[in-house]
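Asker: Residues per chain, in single letters:
Number of protein chains: 2
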Amino acid sequence: MEQVINLENAAAGLPEYWSPKVLGKVNDQFVKVAKIKGELAWHKHDDEDELFLILDGQLRIEYEDHFVDLQKGDFHIVPKGLMHNPVCEDECLVALIETVTTLHTGEVIMEKTKSIKAQLES
Amino acid sequence: MEQVINLENAAAGLPEYWSPKVLGKVNDQFVKVAKIKGELAWHKHDDEDELFLILDGQLRIEYEDHFVDLQKGDFHIVPKGLMHNPVCEDECLVALIETVTTLHTGEVIMEKTKSIKAQLES
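Chains as they are written, first to last, in our numbering: chain A, 1 to 122; chain B, 1 to 122.
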């Protein structure tokens, strides 16, 4: 899979919000892009960190006792085990680095939850 | 380590070429930035893929029988085991995702080689 992919273009071309798409695999981590708007859900990943890189727009990651605000070009790693909730009023394009088994809504299964299989096929 | 870091600014602020700096760790992978110009060295990583994301400028990754050209915003994953050589005529800023044990010059130890310890402290 020796591809060259522009992250922002790939994210901008996604057909729906909150539906991550896998673009590549580096060692045991997937590289994904997503187009998001609004909020996802409070959740955590017990054993896996999750990297957010902002490709366009801005994103707030809410934690239980504080939050971090991310602008275009910023990255932030959500440590494993911490409850968090991504929120953005306007559309935001993000890249994600996650262990291949990580579910984007953590232990929470909801209407927005997309299986890894769906993320590979989208 | 709940930090917010702008990748391009971090890379632009590096004091020297070919000296990657570790900015974070997502699972078993380091997030690094580097400022590069010229060419590194032909090398490979037997057991580790290596992700390049172009933050500014352009980069050619030479393989033994072809090459790929990367522009700002593009990412490319060098598959494990493949001989490769990053080359750029003008300054280029890159982010890297690599297994925590990956040496940036692979099995080649040369003047440009920076130890993982040096990459953490730079």
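Don't read these hints as lab results, they were simulated from the structure.
Possibly wrong hints are sitting among the right ones.
The list treats identical chains as interchangeable, and a pair is accepted whether it falls inside one copy or across any two copies.
In silico SDA-like cross-links for lysine to any residue, where the CA-CA straight-line distance does not exceed 25 Å [claimed, not checked]: (1) K37 <-> Q3; (2) K44 <-> D28; (3) K80 <-> V4; (4) K37 <-> T105; (5) K117 <-> Q71; (6) K72 <-> N9; (7) K112 <-> T99; (8) K117 <-> V22; (9) K72 <-> M110; (10) K44 <-> S19; (11) K37 <-> V108.
Asker: Classify it for me, K37 with V108: is the Cα-Cα distance of at most 25 Å met within a copy, between copies, both or neither?
Answerer: Intra 19 Å, inter 46 Å, cutoff 25 Å: intra-copy only.
Asker: Check K37 against T105 for me: Cα-Cα at most 25 Å, and say if that holds within a copy, between copies, both or neither.
Answerer: within (15 Å within a copy, 41 Å between copies)
Asker: What label fits K44 with D28 when the C-alpha limit is 25 Å: within, between, both, or neither?
Answerer: both (19 Å within a copy, 18 Å between copies)
Asker: When no copy is named, should K44 and S19 be tagged within, between, both, or neither for a Cα gap of at most 25 Å?
Answerer: within (18 Å within a copy, 35 Å between copies)
Asker: Are the CA atoms of K72 and N9 at most 25 Å apart within a copy, between copies, both, or neither?
Answerer: Both ways: K72 and N9 sit 14 Å apart in one copy and 12 Å across, limit 25 Å.
Asker: When Cα atoms must be at most 25 Å apart, do K72 and M110 count as within-copy, between-copy, both, or neither?
Answerer: Neither way: K72 and M110 sit 28 Å apart in one copy and 36 Å across, limit 25 Å.
Asker: Have a look at K117 and V22 and pick one of within, between, both or neither, based on CA distance no larger than 25 Å.
Answerer: Result: close within a single copy only, 10 Å intra versus 32 Å inter.
Asker: Tell me, please, which holds for K37 and Q3 at an alpha-carbon limit of 25 Å: within, between, both or neither?
Answerer: Answer is between: at 23 Å across copies they meet the 25 Å cutoff, but 28 Å inside does not.
Asker: Between K80 and V4, at a C-alpha cutoff of 25 Å, which is it: within one copy, between copies, both, or neither?
Answerer: between (30 Å within a copy, 16 Å between copies)
Asker: Have a look at K117 and Q71 and pick one of within, between, both or neither, based on CA distance no larger than 25 Å.
Answerer: neither (30 Å within a copy, 30 Å between copies)
Asker: When Cα atoms must be at most 25 Å apart, do K112 and T99 count as within-copy, between-copy, both, or neither?
Answerer: Intra 19 Å, inter 31 Å, cutoff 25 Å: intra-copy only.
Violated hints, listed in ascending order, are 5 and 9; each of the other numbered hints is respected by the structure.
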